[in-house]
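Visitor: What follows is each chain in one-letter form.
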Amino acid sequence: MNDILEFSFMVETFFEMLKFIPITLFLTLTSMLLASIIGLVSAVILLRNVRILKQIVTAYLLLGRAIPTMVMLYLLYFGLPILLMAFTDKTGIATGYQHVPPMVFAILGLTLHTGAYLTEIFRAALLSVDKGQMEAALSIGMTWFQGLYRIVFRQAAVFAMPLFANEFLGLIKSTSIVFTITVVELLGGAKIACAENYRYLETYLVVALMYWGISIVFEKFFLITERKLGFFKKGVNL
Amino acid sequence: MIEFKNIHKAFGSNEVLKGINCKIPTGSVTVIIGPSGSGKTTLLRAVNFLEKADRGEIILDDIHINVEKASKADIHKIRQRTAMVFQMYNLFKNKTALENIMEGLLVVKKIPKPKAQETALYFLEKVGLGDKANAYPSELSGGQQQRIGIARALALNPDVILFDEPTSSLDQELIGEVLEVMKKVAQEVNCTLVVVTHEISFAREVADNIIFMDNGVIVEEGPPEEILNNPKEERTKQFLSRYISLTEYNI
Chain S
1 MNDILEFSFM VETFFEMLKF IPITLFLTLT SMLLASIIGL VSAVILLRNV
51 RILKQIVTAY LLLGRAIPTM VMLYLLYFGL PILLMAFTDK TGIATGYQHV
101 PPMVFAILGL TLHTGAYLTE IFRAALLSVD KGQMEAALSI GMTWFQGLYR
151 IVFRQAAVFA MPLFANEFLG LIKSTSIVFT ITVVELLGGA KIACAENYRY
201 LETYLVVALM YWGISIVFEK FFLITERKLG FFKKGVNL
Chain W
1001 MIEFKNIHKA FGSNEVLKGI NCKIPTGSVT VIIGPSGSGK TTLLRAVNFL
1051 EKADRGEIIL DDIHINVEKA SKADIHKIRQ RTAMVFQMYN LFKNKTALEN
1101 IMEGLLVVKK IPKPKAQETA LYFLEKVGLG DKANAYPSEL SGGQQQRIGI
1151 ARALALNPDV ILFDEPTSSL DQELIGEVLE VMKKVAQEVN CTLVVVTHEI
1201 SFAREVADNI IFMDNGVIVE EGPPEEILNN PKEERTKQFL SRYISLTEYN
1251 I
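Residue numbers (our numbering), protein chains in the order written: chain S, 1 to 238; chain W, 1001 to 1251.
What the hints contain is simulated information worked out from the structure, not anything from laboratory work.
Hints are supplied without guarantee of correctness; some may be wrong.
[To be verified] No farther apart than 25 Å at their CA atoms in a straight line, the calculated lysine-lysine pairs in the DSS-like style are these:
hint : chain 1 : residue 1 : chain 2 : residue 2
1    : W       : Lys1077   : S       : Lys131
2    : S       : Lys54     : W       : Lys1052
3    : W       : Lys1052   : W       : Lys1126
4    : S       : Lys131    : W       : Lys1109
5    : S       : Lys228    : W       : Lys1109
6    : W       : Lys1126   : W       : Lys1110
7    : S       : Lys131    : W       : Lys1052
8    : W       : Lys1093   : S       : Lys131
Go ahead and model the full structure; you've got the sequences and the hints to work with.
Guide: Shown next, in the form of structure tokens:
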């Protein structure tokens, strides 16, 4: 056990760490899905200029992009219960936050953070579609939402895809900070393993390789999706 | 019948329409001519509320809309009864030629798919592009795209088709093929056609009625031979002299 890098140990750790990958993936996929819904709704609110809601979205964007993800997680996990406790004291209504698993706070924090970025990505993508497309949709008697869903949205998706992929890859890595609020995912699992075996280099190398592997798989997936979505374009690829 | 009553529209401090009053009879071909910036396109776009006029009334047969109080339902109703052909074609880029024509039939008219496809193909043949059914707009020339734009409008069987400078972004050769299709449409179809164009010879041949606009007002209107051969207003003469001398120069 005196080598700087013990490969047999790395292999062992690799198999041990595999069980944390589903947790990391679950965090990423759930947060991304929820954030996409928030982002899409927010982007449409901004574009449609919906009263009151627009102010709310603007404030959300301001906060969501300004607060570090970790601070957001701390606020939710350590701060929110204090508010809820005070609420229970005042009104006598039990909120039951003690029974909410930390995973929920983790997903909430990551979702709020990612949603703000996705809002801007979707807004930019929708704006990138030529105005004439919506005009044509309206001119044949479609409603605004039909035009958005059937025409504009599908063209905007091609534009949004690379940025969306970026955000997704970023999110995979952001999940590594949720161990600070006691959710044991890939990095959290590695930290615990290190505390037992003291083989930091091997363990973290294995974890790094795993993040790398996950990222590559999704990178390829998004690249293929992007090409599929752009089926109607022809000519030189830039 | 389309009727405009005292239509006003300003973009900021720039008053584009300064009180337009006119009637366009059902089934007629009306051509609106005039210099750039005279408000022709804005007037046309005011009909289907792609540009919402500031005040005035727009009447399409039984639909009376006071522009200031226009509800979403009013606007939707008038859009379902009209169709538009755009200067930049505006075909749906993510749909094939056939799907472009089917889109309105499926979504707006709620026609079942096989019937919609049949109708779409019929109109695609009509504009001479039956063999391009599965081509995407990016694979078609400007003239072909515009002909599909016309087919898309025709297929909806609207009361009115609005043509917004349909040939302005095409070269001379392609203008010919689009104008041919438009002439055919004018002869065969009995919906009202309103055409904003700079093609004076097209207006002479096809129009029942010509409206000459300048600086946000209608200067003169009447049948083509009257407006084009014997304009009464000085401004009309001045505008037409340019075109006619240009044509002679070309010859």
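Visitor: Please go over all the hints and tell whether each is borne out by the structure.
Guide: Hint-by-hint comparison with the structure:
{"no.": "1", "hint": "W:Lys1077 - S:Lys131", "in the structure": "holds, 22 Å"}
{"no.": "2", "hint": "S:Lys54 - W:Lys1052", "in the structure": "holds, 23 Å"}
{"no.": "3", "hint": "W:Lys1052 - W:Lys1126", "in the structure": "violated, 33 Å"}
{"no.": "4", "hint": "S:Lys131 - W:Lys1109", "in the structure": "holds, 23 Å"}
{"no.": "5", "hint": "S:Lys228 - W:Lys1109", "in the structure": "violated, 30 Å"}
{"no.": "6", "hint": "W:Lys1126 - W:Lys1110", "in the structure": "holds, 22 Å"}
{"no.": "7", "hint": "S:Lys131 - W:Lys1052", "in the structure": "holds, 16 Å"}
{"no.": "8", "hint": "W:Lys1093 - S:Lys131", "in the structure": "holds, 12 Å"}
Comparing the model with each earlier hint shows violations of hints 3, 5; every other hint is respected.
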